[in-house]
Structure formats: C-alpha cells, structure tokens
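Undergrad: Protein sequence lines correspond, in order, to chains A and B.
For the first sequence, the residue numbers in the numbering used here are 140 to 477.
For the second sequence, the residue numbers in the numbering used here are 140 to 477.
Hints were generated in silico from the structure; no laboratory data involved.
Hints may contain errors.
Note that identical chains are pooled: a pair holds if it fits in a single copy or bridges any two copies.
[Stated by the list, open to error] Mimicking SDA-like on lysine to any residue, the simulated pairs with C-alpha atoms at most 25 Å apart in a straight line are:
(1) Lys176 x Asn213
(2) Lys200 x Glu245
(3) Lys182 x Val318
(4) Lys176 x Ile252
(5) Lys233 x Arg190
(6) Lys370 x Val318
(7) Lys335 x Glu414
(8) Lys322 x Gly338
(9) Lys322 x Pro180
(10) Lys216 x Gln196
(11) Lys182 x Lys341
(12) Lys176 x Thr264
(13) Lys335 x Ala214
(14) Lys256 x Glu245
(15) Lys256 x Glu217
(16) Lys256 x Arg412
(17) Lys216 x Ile268
(18) Lys441 x Leu334
(19) Lys385 x Glu219
(20) Lys377 x Leu455
(21) Lys341 x Asn189
(22) Lys216 x Asp177
(23) Lys341 x Gly417
(24) Lys249 x Leu366
Number of protein chains: 2
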Amino acid sequence: MSDGNCQSDVNEPPCAKKIKKDEKNDNGVAEPVLDLKDFIPSKILNNNTNRKTVCVQGNFKDKSGVALVILEKNAFKEDELDSEGYFSAESDLKTFFQNDIYGNFECFPKSSINGVKTTIIYPATEKHIAKFSQQEVHIIQETSDCYNKLTLPHIEKEQFNLQWVYNILEGRSEQERVVYDNKCEKEGFVLVPDLKWDGLTKETLYLLAIVRQRGIKSLRDLDGSHLPLLKRVRDEGKKAIFEKYKVPGSQLRIYFHYQPSFYHLHIHFTYLRHEAPGIYAEKSHLLDTVINNIEMMTDYYKKATLPFTIREMDTLFNVYETNGYVQKIKPDIKLIDK
Amino acid sequence: MSDGNCQSDVNEPPCAKKIKKDEKNDNGVAEPVLDLKDFIPSKILNNNTNRKTVCVQGNFKDKSGVALVILEKNAFKEDELDSEGYFSAESDLKTFFQNDIYGNFECFPKSSINGVKTTIIYPATEKHIAKFSQQEVHIIQETSDCYNKLTLPHIEKEQFNLQWVYNILEGRSEQERVVYDNKCEKEGFVLVPDLKWDGLTKETLYLLAIVRQRGIKSLRDLDGSHLPLLKRVRDEGKKAIFEKYKVPGSQLRIYFHYQPSFYHLHIHFTYLRHEAPGIYAEKSHLLDTVINNIEMMTDYYKKATLPFTIREMDTLFNVYETNGYVQKIKPDIKLIDK
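Using the sequences provided together with the hints, build the complete structure.
TA: Given below as structure tokens:
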C-alpha cells in the first residue's frame with residue numbers, strides 16, 4: 140500500500156539481522172568486510188541536493204561485480220545542539236561574509252557528530268542500478284481521448300493484482316491496523332495507516348482510505364453519482380483522524396494521485412506540513428477540489444485533460460512516445476551550455 | 140520576485156559586502172566576532188528532517204540580545220566523491236547491520252569535507268524569530284463568496300506595492316536578466332530567472348513570466364478572455380526556455396500559486412524534477428489545467444472553490460478565524476498521545 144520510496148525500501152530490508160563488521164555468521168564464516176577506502180567510484184547515478192542524498196556506482200578493489208554506495212546526510216539530532224556538540228570549541232567556523240546583522244559561515248563540527256548514513260549494495264544488479272539512477276521524467280497532458288485510446292487499454296492489459304486490497308476490505312489482512320471502518324458496500328471505506336508511516340509521529344502522519352466499492356479505477360471514473368461516497372470519506376476520515384490523532388481537518392492534505400499506484404480508488408490523508416512523496420501539483424488532486432469540480436460539472440473527470448508524470452523507463456511512456464505525444468531526451472542536450 | 144524562501148532570503152542579503160572575520164570596517168572598528176562556542180542555545184525553533192536544516196534561538200556569552208543560528212547540512216559536492224574525499228582511509232565506517240547484499244552503516248568522513256552551512260542573525264528581532272519558527276498551517280477552502288467578502292477586501296486593504304514589477308515591465312530594472320520579452324500590452328509578458336535560481340544549473344531551473352497586462356490580480360480574475368494570453372505564455376515561454384536552456388516543455392512544471400505572493404499575474408516555470416518551494420497540490424495550479432478548466436467553463440475561476448494554505452500568524456488567518464472558517468490549534472492537543 141506504499142507508494143514506493145526507493146530509499147526506505149533499501150535501508151530497511153525486512154527482518155534485517157544485526158551483524159557487526161567482522162562478526163562470524165552461523166556457519167562460522169566471516170561476513171565480507173567492505174570498506175569505503177576500497178571503493179572505486181565510476182558514476183554518480185543521482186544527487187538530490189534538497190534532501191542531501193547521493194548514489195554512486197562503482198566497484199570494490201580486488202572484487203568483481205558492481206557496487207552501489209548511497210550516502211545521506213543525517214538530520215540534526217536535537218541533543219547535539221549544545222556546548223558538547225555543534226556549539227563546542229571543536230567546531231571550526233569559516234566566515235563567508237558578514238553584513239549588518241547577517242553572517243554567513245561554514246561550520247566544521249567534530250567528526251563524531253557529523254555522520255553520514257551509508258548504504259552499500261553489493262553485488263548490485265541492473266535492477267538496482269535502474270532504480271537508483273536519476274530517471275528522465277516528463278509531464279503528459281492526458282485528454283479524454285488519450286485516456287480512452289492509450290491509457291485505459293494499458294491499464295487493462297497490465298491487470299494489476301488487487302488481491303491485497305480485497306484482503307484488507309474483507310478482513311483477511313491487516314485488521315489490527317484498521318483505524319476506521321465503514322462497512323457500507325456502496326459508500327463505505329477502510330482507513331489504515333500507510334506503510335510509510337510509523338503510526339505515531341504527527342509530523343509524518345499518513346493514512347489511506349480504501350473505498351469498498353469495486354471497479355472505480357481512479358479519478359477518471361468519478362462523476363456525480365460518487366459524491367455521497369466522496370463526502371463520506373472526507374467527513375468521516377477527518378473525524379476519525381481527529382479523534383485518534385488529534386490532528387484537525389484543516390491541517391490535513393486529503394488527495395488522490397493521478398496516475399495512482401494501483402487502480403482501486405483510494406484517498407491519501409497526510410499532515411499538511413509533511414512533505415510526503417508525490418504531493419506535487421502535477422500528481423495530486425485535493426479531494427475538496429474533486430468534489431467541487433464534480434458539483435460544478437458532473438462529468439468533469441470524463442471530459443477534463445489531466446496531467447500525469449511518467450518516467451522514460453515506464454511502459455506507458457512507450458505508448459505515448461509511439462503515438463507522438465512525448466519525446467525521449469537526447470543525451471547530447473542533457474547539459475545547459477554555460 | 141522571489142516567493143519567500145526563508146533560507147535564501149537570509150542567506151543572500153542584497154549587496155552583501157564580503158567582510159572577513161576580524162577585518163576592520165570603513166570606520167576602523169573591528170566587526171563583532173561571533174563564535175559558536177559562545178552560543179548558548181535556548182530553543183529549537185524549527186527542525187526540518189527532510190532538508191536537514193535546523194534553526195536554534197539563543198544568545199552569545201556576555202552579549203545582550205537574542206541570536207539565531209541556522210544550520211543546514213551541505214549537499215554532496217561531486218568532486219568530493221573520490222579517494223581523497225568520502226572514499227578515503229580517513230572515513231571511519233560504523234556498521235549497523237549487514238543482510239545479504241544490503242549493508243547499513245554510518246560514515247564519519249574527515250571534517251574538512253563535511254561542512255555545515257551556518258547563518259547567524261545577531262541581534263535578531265521578534266520578526267526574525269517568528270519567521271524562523273515552525274508555524275501552524277491550515278488549509279482554507281475559499282468559495283467564490285468567501286473570496287468576495289473576505290479575501291478581496293483584505294487584498295485591497297493591504298495594497299501590496301507593485302512598483303518593482305512595473306520597473307521590470309517598463310525596462311527600468313533587471314533588463315540584463317530578461318530571457319524573453321513579448322511587448323504586446325494585452326498578451327505580452329516578460330520572462331526572467333527567479334531570484335532563487337543561479338541561472339545556470341538545469342536541476343534547479345526556475346523562471347517567472349510576468350504578464351504585461353495590469354489589473355489581473357490572480358487566478359481568480361481569469362476567464363475566457365484571457366485564453367490567448369495564457370496560451371502565449373505557455374507556448375512562447377516553453378520555446379524560449381528550450382532555446383536558451385535546452386529543457387523541453389515536457390520537463391517543465393508551469394504553474395500559478397494561489398494565493399500568490401504578489402497580486403500581479405505571474406506564472407512559474409520550474410524544472411520538473413526540481414522540488415521548488417510551494418509546488419504542492421494545495422498551493423500550485425498547472426497552467427495547462429487552468430487553460431483546460433476555462434475552456435470547459437469560461438467562469439470556472441469565478442465560481443470554483445479554491446484551497447489555499449495560511450499560517451496562524453498571517454493577518455488573513457484572523458479574517459477567516461473571526462468569521463468561523465478555521466480555528467487556531469490549542470496548545471494542549473499539539474502532540475499525539477503515544
């Protein structure tokens with residue numbers, strides 16, 4: 140039920156055994172010892188300057204096979220913001236400039252508080268490389284006609300498996316996680332914490348409402364007949380979240396993704412200040428706006444041109460490329476002339 | 140022309156003089172020397188764990204007045220990802236766990252490549268403290284009626300000064316920065332790099348189109364009569380950006396903010412992969428969607444309910460609070476019961 144955040148997928152493999160460096164495993168064989176000084180970088184696959192993460196491809200000296208090293212600057216820990224940590228005599232300060240009340244510096248804190256989260260994948264497969272490589276992304280303006288001729292046949296052909304959704308709705312899975320359940324087959328829904336959320340921290344609150352009615356693939360299928368369902372999800376969802384987590388409705392971002400990650404209607408609830416993945420204008424549609432659009436024009440989502448983003452590696456990209464709606468980036472124009 | 144990114148406002152004061160620590164100024168008086176070891180922290184105003192920034196309030200030993208220290212982990216510099224930098228013998232590696240092909244570590248690189256961008260504001264005013272404090276934010280659903288009765292009178296009362304916009308349009312300011320200029324008074328516009336952008340790096344590309352026609356305050360004022368203007372901005376803006384920066388239209392996010400930061404119609408152009416501030420669904424409206432909405436219903440933006448986000452400290456919040464549309468967060472329900 141999670142919308143694919145690469146980093147966390149890799150950083151938290153299921154059932155991770157805690158094995159120390161050089162420690163012997165059950166067979167008495169020493170685990171392979173990897174050291175960054177033996178890493179020979181060959182290519183930077185991705186450098187996110189906002190989140191301060193980078194992924195480097197390379198290999199280890201005297202070892203065959205490709206390795207990936209993913210580095211991520213740590214967030215500030217509040218207990219290091221004191222005279223033992225950043226504000227100690229060990230912090231070296233280099234001045235860039237000082238102007239009136241503003242000063243700009245670079246601080247070099249002692250190494251022990253300035254760690255960098257490091258993930259090594261070795262040996263890495265082609266799939267790992269593709270996953271961590273910066274992908275060329277495009278916006279496609281999907282007209283009603285494009286949806287019917289190109290997107291819909293693609294959705295039907297791919298036949299996404301929705302069994303896990305039905306398992307939740309029918310009470311066979313994840314029942315202990317259910318926050319709210321309205322059992323009406325037409326207007327009911329189940330509210331569960333998203334897998335990306337720890338279920339506790341308000342700052343990253345993230346729940347999903349999964350409607351009980353089957354066959355509503357996405358936003359595109361909505362019309363005036365769904366207004367009671369949509370209003371119920373909004374009003375009962377807000378109420379349940381306020382009762383359980385004390386976050387008021389005015390601080391919730393309640394939205395659909397288009398395209399969604401699976402084609403059974405579901406609605407995201409996140410804390411407004413949480414920069415969750417995929418909340419950008421080209422991907423997310425606020426539930427209130429959807430309700431308002433349908434109230435103004437019952438067949439709004441049948442007629443509207445809806446944008447969606449797509450990576451060049453996605454099969455749907457090929458469909459739109461073949462039909463002349465979008466072009467791959469030519470490698471020789473990837474850099475700005477300076 | 141920048142849409143208020145606190146960090147960059149403060150880090151780039153206009154006409155910053157480069158003065159080195161201990162250097163004497165024009166009057167022969169030594170600049171005050173600030174050192175982090177003398178900083179006594181009292182309160183963490185904001186800790187952004189995504190972007191790895193933190194703002195700490197406190198004071199300097201033996202000095203009166205409040206100081207703010209803003210720390211931001213630096214992004215990875217590509218020339219430090221080698222055997223002299225992160226992959227050197229000086230990088231110390233602590234193992235968290237190793238499981239099959241996945242290993243999780245903490246790396247402690249040599250201090251000199253692991254700087255932290257540091258801004259000190261001293262003495263800081265109440266306004267600085269408010270600006271850097273984490274603010275309670277709410278979404279308001281602005282109906283057509285709310286706009287006319289509450290928002291519009293507020294905009295008219297505040298009388299935002301637009302002289303700097305007219306200076307650009309009339310060729311009195313920033314002419315060397317203009318990327319494209321269509322001088323038609325009705326359908327023309329000026330395209331300039333946003334102040335947040337360095338004008339070179341594709342990854343953070345950010346330009347603004349400012350329309351020549353005066354009196355269009357925002358999205359709310361648009362109707363069928365503006366379609367030629369809007370299409371011209373879209374088509375000529377895309378063309379100019381492709382010619383100058385080689386970024387194709389399908390990789391541009393082209394959008395309005397609502398509410399905008401100033402009430403003279405302008406359109407943002409950012410690189411699709413750039414996580415620019417304010418690109419979230421509750422704040423940004425894609426130009427293509429706006430055009431499509433008006434084509435479907437000429438008075439769409441007169442009739443629609445439009446969401447906008449607002450901080451409790453903003454004067455417009457008071458207007459909506461007084462009229463019962465939103466409530467301040469009560470301090471005692473700020474935390475989730477664990």
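Undergrad: Hints first: check each against the structure and report whether it holds.
TA: Results for each hint:
1. Taking CA atoms no more than 25 Å apart as the test, Lys176 paired with Asn213 passes in both settings, with 21 Å inside one copy and 22 Å between copies.
2. In the homo-oligomer, the alpha carbons of Lys200 and Glu245 lie at most 25 Å apart only across protomers (21 Å), although the nearest pairing inside one protomer, at 34 Å, exceeds that limit.
3. Within a single copy, Lys182 and Val318 get their C-alpha atoms no closer than 44 Å, and across copies no closer than 33 Å, so neither meets the 25 Å cut-off.
4. With identical chains, the CA atoms of Lys176 and Ile252 are at most 25 Å apart both within one copy (21 Å) and between copies (15 Å).
5. With identical chains, the CA atoms of Lys233 and Arg190 are at most 25 Å apart both within one copy (24 Å) and between copies (22 Å).
6. In this assembly of identical chains, Lys370 and Val318 lie within 25 Å of each other by CA distance solely inside one copy; the values are 18 Å within and 46 Å between copies.
7. In the homo-oligomer, the alpha carbons of Lys335 and Glu414 lie at most 25 Å apart both inside one protomer (13 Å) and across protomers (20 Å), since each shortest distance falls under that limit.
8. When the C-alpha separation of Lys322 and Gly338 is checked against a cutoff of 25 Å, the pair qualifies only within one copy, where the shortest distance is 23 Å, while the shortest distance between copies is 55 Å.
9. In this homomeric assembly, Lys322 and Pro180 never come within 25 Å of each other (Cα to Cα): the closest approach is 53 Å inside a single copy and 51 Å across copies.
10. Taking identical chains as interchangeable, the C-alpha atoms of Lys216 and Gln196 lie at most 25 Å apart only when they sit on different chains, with a minimum of 16 Å there against 29 Å within one chain.
11. In the homo-oligomer, the alpha carbons of Lys182 and Lys341 lie at most 25 Å apart only across protomers (19 Å), although the nearest pairing inside one protomer, at 37 Å, exceeds that limit.
12. Taking the shortest Cα distances, Lys176 and Thr264 sit within 25 Å of each other inside one copy (22 Å), while across copies they are farther apart (47 Å).
13. Taking CA atoms no more than 25 Å apart as the test, Lys335 paired with Ala214 passes in both settings, with 16 Å inside one copy and 23 Å between copies.
14. Taking identical chains as interchangeable, the C-alpha atoms of Lys256 and Glu245 lie at most 25 Å apart whether they share a chain (21 Å) or sit on different chains (5 Å).
15. In this assembly of identical chains, Lys256 and Glu217 lie within 25 Å of each other by CA distance both inside one copy and across copies; the values are 17 Å within and 17 Å between.
16. Taking the shortest alpha-carbon separations for Lys256 and Arg412, both the intra-copy value of 24 Å and the inter-copy value of 23 Å come in at or below 25 Å.
17. For the homomeric pair Lys216 and Ile268, the shortest alpha-carbon distance between copies (21 Å) is at most 25 Å, but the shortest distance inside one copy (31 Å) is not.
18. Proximity of Lys441 and Leu334 under a CA criterion of 25 Å is satisfied in neither setting, with 31 Å inside one chain copy and 40 Å between copies.
19. Proximity of Lys385 to Glu219 under the C-alpha cut-off of 25 Å is found in neither arrangement, the shortest distances being 28 Å within a copy and 44 Å between copies.
20. In the homo-oligomer, the alpha carbons of Lys377 and Leu455 lie at most 25 Å apart only across protomers (24 Å), although the nearest pairing inside one protomer, at 35 Å, exceeds that limit.
21. Both within a single protomer and between protomers do Lys341 and Asn189 lie at most 25 Å apart by alpha-carbon distance, with minima of 22 Å and 14 Å respectively.
22. Taking the closest pair of Cα atoms, Lys216 and Asp177 come within 25 Å of each other only across two copies (20 Å); inside a single copy the shortest separation is 30 Å, beyond that limit.
23. Within a single copy, Lys341 and Gly417 get their C-alpha atoms as close as 19 Å, and across copies as close as 21 Å, so both meet the 25 Å cut-off.
24. Proximity of Lys249 and Leu366 under a CA criterion of 25 Å is satisfied in neither setting, with 57 Å inside one chain copy and 58 Å between copies.
Going down the numbered hints, you'll see the structure goes against 3, 9, 18, 19 and 24, while the others check out.
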